[in-house]
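Novice: Chains A and B are the protein sequences, given in the same order. Residue 291 in this note's numbering sits at position 291 of the first sequence; the count goes up by one each step and never skips. Residue 1242 in this note's numbering sits at position 242 of the second sequence; the count goes up by one each step and never skips.
Misleading hints may appear alongside valid ones.
As the list claims (entries may be wrong) - Each computed DMTMM-like pair below joins lysine to aspartate or glutamate, with the alpha-carbon atoms no more than 20 angstroms apart:
1. A:K380 with A:E368
2. A:K175 with B:E1197
3. A:K175 with B:E1171
4. B:K1233 with A:D403
As the list claims (entries may be wrong) - Label-pair distances were calculated between CB atoms; the ranges are:
5. B:D1247 with A:K183: 29 to 39 angstroms
6. A:L138 with B:L1024: 14 to 24 angstroms
7. A:D403 with B:E1223: 48 to 58 angstroms
8. A:E153 with B:E1050: 31 to 41 angstroms
What the hints assert, rightly or not - Derived coverage of chain B by chain A (criterion: at least 3 residues anywhere in the stretch with Cβ under 8 angstroms from a Cβ of chain A; other residues may be distant):
9. 1088-1096
10. 1147-1161
11. 1185-1198
I should point out that these hints are in silico values taken from the structure, not numbers from a laboratory. Note that the structure is a prediction, hence the values are computed from the model and not measured. Backbone N, C-alpha and C fix where the C-beta goes; we use that ideal spot for every residue, glycine too.
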Amino acid sequence: MQRIKIDPVTRLEGHGKIDIFVDDEGNVANCYFLVPELRGFEKFAQGRPVEEMPRITTRICGVCPEAHHMAAAKACDEVYDVQIPSTAKKLRELLYSIFFTADHTVHFYALGGPDFVVGPDAPKEMRNLIGVVKTVGLEAGKKVIKLRALAQEMIQTLGGKKIHQVTSLPGGVSKGLKEEERKKFAEYGKYFIEFGLFTLQIFEDIVLKNSTYVDLILSDTYTHKTYYMGMVDDNNKVNFYEGKVRVVDPEGYEFCKYSPGEYTEHISEHIEPWNYLKYPFLKKIGWKGFVDGKDSGIYRATPLSRLNASDGMNTPLAQEAYEKFYDTLTGDRSGSIPVHHTLATHWARVIELMYSAERMNELLNDEEITSDNIRVIPEKTPSEGIGIVEAPRGTLTHHYITDENGIVRQANLIVGTTNNHAAISMSIKKAAQGLIKKGVEITDGLLNKVEMAFRAYDPCFGCATHTLPGQMPIELNIRNLKGEIINSRKRNI
Amino acid sequence: MSKPKVAFFDFASCEGCQLNKLNLENSLLSILELVDIVEFREAMDDRADEYDIAFVEGSISTPTCVERIHDIRRRSKILVALGACAVQGGINALRNSQPAEWVKEVVYGDDKYLFPSIPVQPVSAVVKVDYEVRGCPMSTPEFLHILKSLILGRKPEIFDHAVCVECKSSENECVLETGMFCLGPVTRAGCGAVCPENGQYCSGCRGYVSNINTDGALEMLAENGLSRLEAVKRLRLFCSSELVELDGVK
């Protein structure tokens, strides 16, 4: 048996790597995907004051501190049983919408997008932001940099810091928005809309008009029929900041819809002996192993899942894009039939980018947003709270139980990527089985196609950041039965 | 004169410091004109390389990290620690307050022997650190200041006064007056008092002034109703390597 190892990162007490086992025939026997573990954080939260959580949990990740900041603040509101003022909620959602637009932009232009915009078989030097700029023009590069710079400026104003925000706290936010800031940001907002439309157009021109790419998206190698999870509002429209978590089955029928406080009734976590991380699954169906389908409790929580789990988007341009998405992929504009093609996640991400840009504009033009009624001082005895938001990479749950002094006794975090551990493992295995076969030379392009299976999930560990210069660091070793390396490839290590 | 060779290395961290460098935007291009960035990640198979300046972020948390940092030090003329994890151990070091075997068992279960781990330490606990850029994430103006000074062959200016100084000069209302506690009086400045500026208390992410009055700080926190244990927890959130005299407070 040969062993192919893809070992991208070591990060925060954790390990992210892919092991592909190849039998004597040269075919893929199995695939193991290991990602970093976050339980360290859950453990050292114990014994600390709960109000610190919005500022400690941001440090889990420098890529998406906003998501942890929000989930933690919402859980803290619950712990103190306090209803935050409407303006505070809007300010949090405004910060969050700006963050979502910027985060999805980085993924589309620098991380996942290059596979399509430049091409999966393109030389590796080209599969990055620079390659994207060369393909779609320098103007696009400038637009991306401008969007990111404006987003960072607004996040700094609203959150206090560009990375590791500090302004959300139990009961609301610590800082309001001034009218002159609102005016300036409303101007920026127009650019965000323009940018969203521009990105949808790029996707249309470069990906959808290229039948090779469309075939790749639709191919069986990158398809899994699973349950889908996403947060929705009262009308079952996508919402990133608040609402109920809705799960639909592989045929698109609602399986369950629960409030944050009920998550333990619906989600359970499976443990595999060979891996230290957990695999969440739908409790009422149960863990049936790494298989897809209606009888398996494996679900996905990604941009694609959010679209599948909802009945549409709350803003006009995003809704239009939503209808086109389903019309193209299932033939049913209403979106009631789920899309199972993992690579369509990239398209879904662009539609969400459009939505968050529009939502940000709605909030900036809401007159309540500059009110100074931004915080209620918590007065009740703290106990337990669960906060859920949609993070760019999936549903994010923070759960704290405290003593009567607000000291955390127990913390549980299910982070975006964790939801997808099982699905990512399946996707990699299927792609590897479809691509690595006896007599097939393991080339850089082939390795990239295996990687594409999990890059669609935008997994949030080292790769998301280490890839910013262009490429994920990967080590691939092919070993013989004695464990000796007979072939080795390294990239960006 | 040839451009100085600059390398970046990372250990256990959230990558926030690395992303913060991208937030330099326009300055980033000017930097690239002045230096040769020879490494953005580890290159163990290229041991012959030497660096004029090595920037290191993240904390040291495994035996492998110790080997790597020794190797990096050997090859570097100047070594700069970036951000709270590298400078003071950072948030990762909270792990040290829990029994090591228990943490490993909880995280890795029966396979705990596969993942050797040591108490989380700042870079300076293992090798000599020439300069520090503090903050969580690291402060970009300070990073630029140190980089520019080193390129020019000047000794960078090091902040060693309290956050209060910056907070007062911004004419903020004192956080302590609002009824919250604040670590501004003992925390090292350089951030522009960003948290008080945004209506929050300072949580001490930049570590402490070198002449900190620890007893005074504890007394101040006691006035805000924090027990000794709570006060110590607050003070050591980002700082495993500083205030070691508070080790073992129960």
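Novice: All hints are to be evaluated individually against the structure, with a verdict given for each.
Specialist: How the hints compare with the structure:
A C-alpha spacing of about 27 angstroms is found between K380 (chain A) and E368 (chain A), which places the hinted pair above 20 angstroms, so the restraint is violated. Between K175 (chain A) and E1197 (chain B), the direct Cα distance comes to roughly 9 angstroms. Compliance with the 20 angstroms bound is thereby established for this hinted pair. Between K175 (chain A) and E1171 (chain B) the alpha-carbon distance is near 16 angstroms, which keeps this suggested pair within the 20 angstroms criterion. This hinted pair checks out: K1233 (chain B) and D403 (chain A) have alpha carbons roughly 17 angstroms apart, not beyond 20 angstroms.
Separated by about 52 angstroms at the C-beta atoms, D1247 (chain B) and K183 (chain A) break the suggested range of 29 to 39 angstroms. For the pair L138 (chain A) and L1024 (chain B), the beta carbons lie near 20 angstroms from each other, so the given range of 14 to 24 angstroms is met. At about 23 angstroms, the beta-carbon gap between D403 (chain A) and E1223 (chain B) misses the expected band of 48 to 58 angstroms. For E153 (chain A) paired with E1050 (chain B), a C-beta distance near 39 angstroms keeps the hint of 31 to 41 angstroms intact.
Only residues whose beta carbon comes within less than 8 angstroms of a beta carbon in chain A count, and the region 1088-1096 of chain B has 5; three or more means the coverage holds. With 0 residues having a beta carbon nearer than 8 angstroms to a beta carbon of chain A, the region 1147-1161 of chain B misses the requirement of three or more and the stated coverage is violated. Coverage of the region 1185-1198 of chain B by chain A holds [criterion: at least 3 residues with CB-CB distance below 8 angstroms; count 4].
When each numbered hint is compared with the structure, violations occur for hints 1, 5, 7 and 10.
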